[in-house]
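Protein chains: 2
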Amino acid sequence: MSHQVKIFDSSLRDGAQAGGVSFSVEDKLKIVKSLDRLGVSYIEAGNPGSNFKDLEFFKRVKEINLKTSKLTAFGSTRRKNISVKEDENVQSLLTANTEVVAIFGKAWDFHVTDIIKTSLEENLRMIEETIRFLKEKGKEVIFDAEHFFDGYKENPAYALAVLKVARDGGADCLALCDTNGGAFPNEVYEVTKKVVETFPAVSVGIHCHNDCGMAVANSIMAVEGGANHVQGTYIGLGERCGNTNISTIIPNLQIKKGFFCIPKENIVNLTATARYVAEITNVTVEASTPYIGNSAFAHKGGMHIDGVKKASHSFEHMQPEDVGNKRRFLMSEVSGKTTILPMIQKIDKDLTKNSSQTQELIDELKRLEHIGYQFEGAESSFELVMRKYLGKYKPFFEVNYYKVIEEEPARNAFSSSALIKVRVDGKEEMTATEGNGPVNALDKALRKALEVFYPSLKAVHLTDYKVRVLNAEEATGAKVRVLIESTDGKELWSTVGVSTNIVEASMIALADSIEYKLIKDLEESEGGENNGNDDDTKDISSTCRA
Amino acid sequence: MSHQVKIFDSSLRDGAQAGGVSFSVEDKLKIVKSLDRLGVSYIEAGNPGSNFKDLEFFKRVKEINLKTSKLTAFGSTRRKNISVKEDENVQSLLTANTEVVAIFGKAWDFHVTDIIKTSLEENLRMIEETIRFLKEKGKEVIFDAEHFFDGYKENPAYALAVLKVARDGGADCLALCDTNGGAFPNEVYEVTKKVVETFPAVSVGIHCHNDCGMAVANSIMAVEGGANHVQGTYIGLGERCGNTNISTIIPNLQIKKGFFCIPKENIVNLTATARYVAEITNVTVEASTPYIGNSAFAHKGGMHIDGVKKASHSFEHMQPEDVGNKRRFLMSEVSGKTTILPMIQKIDKDLTKNSSQTQELIDELKRLEHIGYQFEGAESSFELVMRKYLGKYKPFFEVNYYKVIEEEPARNAFSSSALIKVRVDGKEEMTATEGNGPVNALDKALRKALEVFYPSLKAVHLTDYKVRVLNAEEATGAKVRVLIESTDGKELWSTVGVSTNIVEASMIALADSIEYKLIKDLEESEGGENNGNDDDTKDISSTCRA
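Quick note, the sequences are listed as chains C and V, same order.
At position 316 of the first sequence the residue is numbered 903 (our numbering), and the sequence of numbers has no breaks.
At position 343 of the second sequence the residue is numbered 930 (our numbering), and the sequence of numbers has no breaks.
Errors might be hidden in some of the hints.
You can't tell identical chains apart in this list, so a pair holds if it fits in one copy or across any two.
Taking lysine-lysine and the DSS-like style, the derived pairs with C-alpha atoms no more than 25 angstroms apart in a straight line are [what the hints assert, rightly or not]: (1) K843 - K740; (2) K724 - K649; (3) K936 - K981; (4) K672 - K704; (5) K667 - K940; (6) K953 - K640; (7) K844 - K780.
No lab work stands behind these hints: they were computed from the structure.
Excised from the complex, chain C in its bound form (with noise of 0.2 angstroms):
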């Protein structure tokens, strides 16, 4: 039978105070779904006591039957010389309505005396009333020990107080905060496996930030010590360096340790669910995240993927699939035949790792990527470039002649329009759209045209749109690199474009998305080859990638 650890996801709270993250209440609801789909024990979703937008929140939750998750309202413990039923955000607290209160309160005498400006014995009172007021509420209650670890090097006896007056006060679990950062590893273990022998009686918690770059391994090394319960952030977002990542502990804990965290047939979301929350938060996951960043198994060196191509676990330290990543050869000027050769197998069967056509296509592949493109991530576009060198092209479509124009003030509701000429077998289709911005207009007009020879293509959108800026110095006269994902309800694939005209490097990569499809659907009428999921050459990514 396997050990428990609690996990707390704090990714609504301390994960909203990392910069550039600002959640609606309607992203909140998502993720609290999310989390407690994946099983976490514990989701902490907010201050009700300092944001209005929380109060709504901690009202709209109530719609959601959570099936595994306890949601956690977050608050101070009262403030100091008034009694807590005069706290008005103590009483928040109980407004909010929740299963679970998490109270922090000050461990560090130095914050007592200076921030606070306060008593010693007036923050343990602060403390122990809160705590004892929402038991009697019928609230579990968390206790943050806040600054614990520094508190506990300038004044051991006073830290200890704070916990033991929490105990008192009936706190469930007594969570030690390294709130600057700023522990070491075995100090962590240390201290916590003190505070376990001294409160035996009671859970003990771990919360960490990433300031000297180990509040992961600072959070196992608790673990080791008899903590059973710990606080992070589900992509590790937070204050300054962000807290601890808990789509890291999970599968170090329990995959690689043996411990119960989430239920185990959930463990193969892990990814998922980070790029989930990832896309709600509106922010970017790493790819070198661990475990599930889009690079977390991803393989460059021509020794490292030779390597796992013998035997996956002589360069992986786990199965990617397990935690519902994949596998991924990067194609590069580094990566040699070996990588390339499947994807150009694919389009011409008799070619090998020694046909001339090989070196050239890896020679053509090198001079794009000198020129800015990069096919990791576009696989589809050097599908393109793949067939275009080996004459297995035919292309659907000519572009003639396209003019985008962009006037301010704008004669009607829109400032952008394109006119574009296509030809196909010989057939000629002129037409013009409006756009909300150029390279709308020029999309929509591309399709359009299009559209006339080609109907499958209505079911064809976009999903993402990705311009990076390459020699950033030139400013307005840099090369940009366009990256665009495009679905048709099956699959998802990827083109990309470049030039110094985001407008034109637009155009490529739209075009090649279009040529992408129209050969799909060709290869399918002709009971084509399995265009499924081939980790060699195609990156089907969804919301998180490099």
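Given chain C's structure and the hints, the job is docking chain V onto it.
Coordinates of chain V only, in the frame set by chain C:
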């Protein structure tokens, strides 16, 4: 006298194996100089055997007179069943002619038998003979024991035998590699301690990967166990989840634990070095990166800001200036009046926390953020918002009309042209330009027209141009946020524009940039306020930003 821990930076070798990274020879030379200036002990700059670009690099690098760092070439032990002399890769290590060579060899029996496919004894010979050969050629030799921790777990006797023959061959350092990144901190501590006890006369090093999010902590624990050599990459890039982040390790060891890693006077350059290396590598350093990230000392929660203003160590584990970074208070809906007030008072000294305009400005900030503006990192645009709102603003120009035309095929060299009509103090100026894209054409036209009235604008040029697609699921119809960084040679400032139309969004940011410059000029000529670095109001970021 502090103990030294030698820092071994492999940005240019292991770092080059990160997805999306591709160094030219020039890039590598620049980074070598930068790391040498910082004073790391070793710079592992390439693998001359496997990469012909690196052969050229090792020729050209001889032009550089390194002051502190020792240049290191990386390569494999000889291949199986041939002599060292016959191995071309080993020969190329000699041709590279570096002072130091890092040789990697397998320490995990499974890799020897199943991946390289040779006998355990032959592997030992490969290691010992290669190292002995290089030592006889006068090299300092570092042995990277690949897969050491996995190997030690499965067959400790063999793993130690590998180290023994490396030592017998004359290796100056035995670096234990957690190549797959799956080890935990206490394991690394125990195993490293064992190795240090077994081989007391040789330096023991550590090389970790971040697949469990613990590369930095594992390296720290290895040092606790007696290692005195840490390998990593300066900004943590590398295969899969990356390598140990050297810009985190150095301050962790030197500032927090008193070891000697780099010359003391260079600690203050840690942040600038990270930004420079990132710029050359063409990646963005994540804002939340410890010590050197743009948000490493960025505070958002009201209580955090309040605490830090009272005493910075209340919420910071160290002073940002010590590593060349800056504290930031993030403006946001949770900032509250305390954060924004100093910015407001810079415009209108008479406003207070309780003035109605203060609340109105905060509401205006929230409204703008709601439609996509983000003023973190573009405080100059917010300054203009405030000035306009408070009536402390007289427009320097009006744009009466513009038209941008994009045509393909182009009638001449450029496919984009722009017309613009501006008005300054009742006088009109109309002009036209060409550009290599619609935004570039409009940018040039705007400046051309305004330089007639304001010649000081000639000194302004843009140093960065970023585009962020806000609601990417709308694809080409999505809102974009354009961030522009400008300089006049003395100061850097950032401005922002939001629209579904990238040309319009760019225009807003460009116009704000010019207005900001003209306001600055006016204030300076009036002998106005000190426009120097105010933490609260300006974020004169260099190349590394959120």
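Hint check results:
no. : hint        : in the structure
1   : K843 - K740 : between (31 angstroms within a copy, 14 angstroms between copies)
2   : K724 - K649 : within (19 angstroms within a copy, 74 angstroms between copies)
3   : K936 - K981 : within (18 angstroms within a copy, 69 angstroms between copies)
4   : K672 - K704 : within (21 angstroms within a copy, 74 angstroms between copies)
5   : K667 - K940 : between (75 angstroms within a copy, 23 angstroms between copies)
6   : K953 - K640 : between (51 angstroms within a copy, 12 angstroms between copies)
7   : K844 - K780 : both (19 angstroms within a copy, 22 angstroms between copies)
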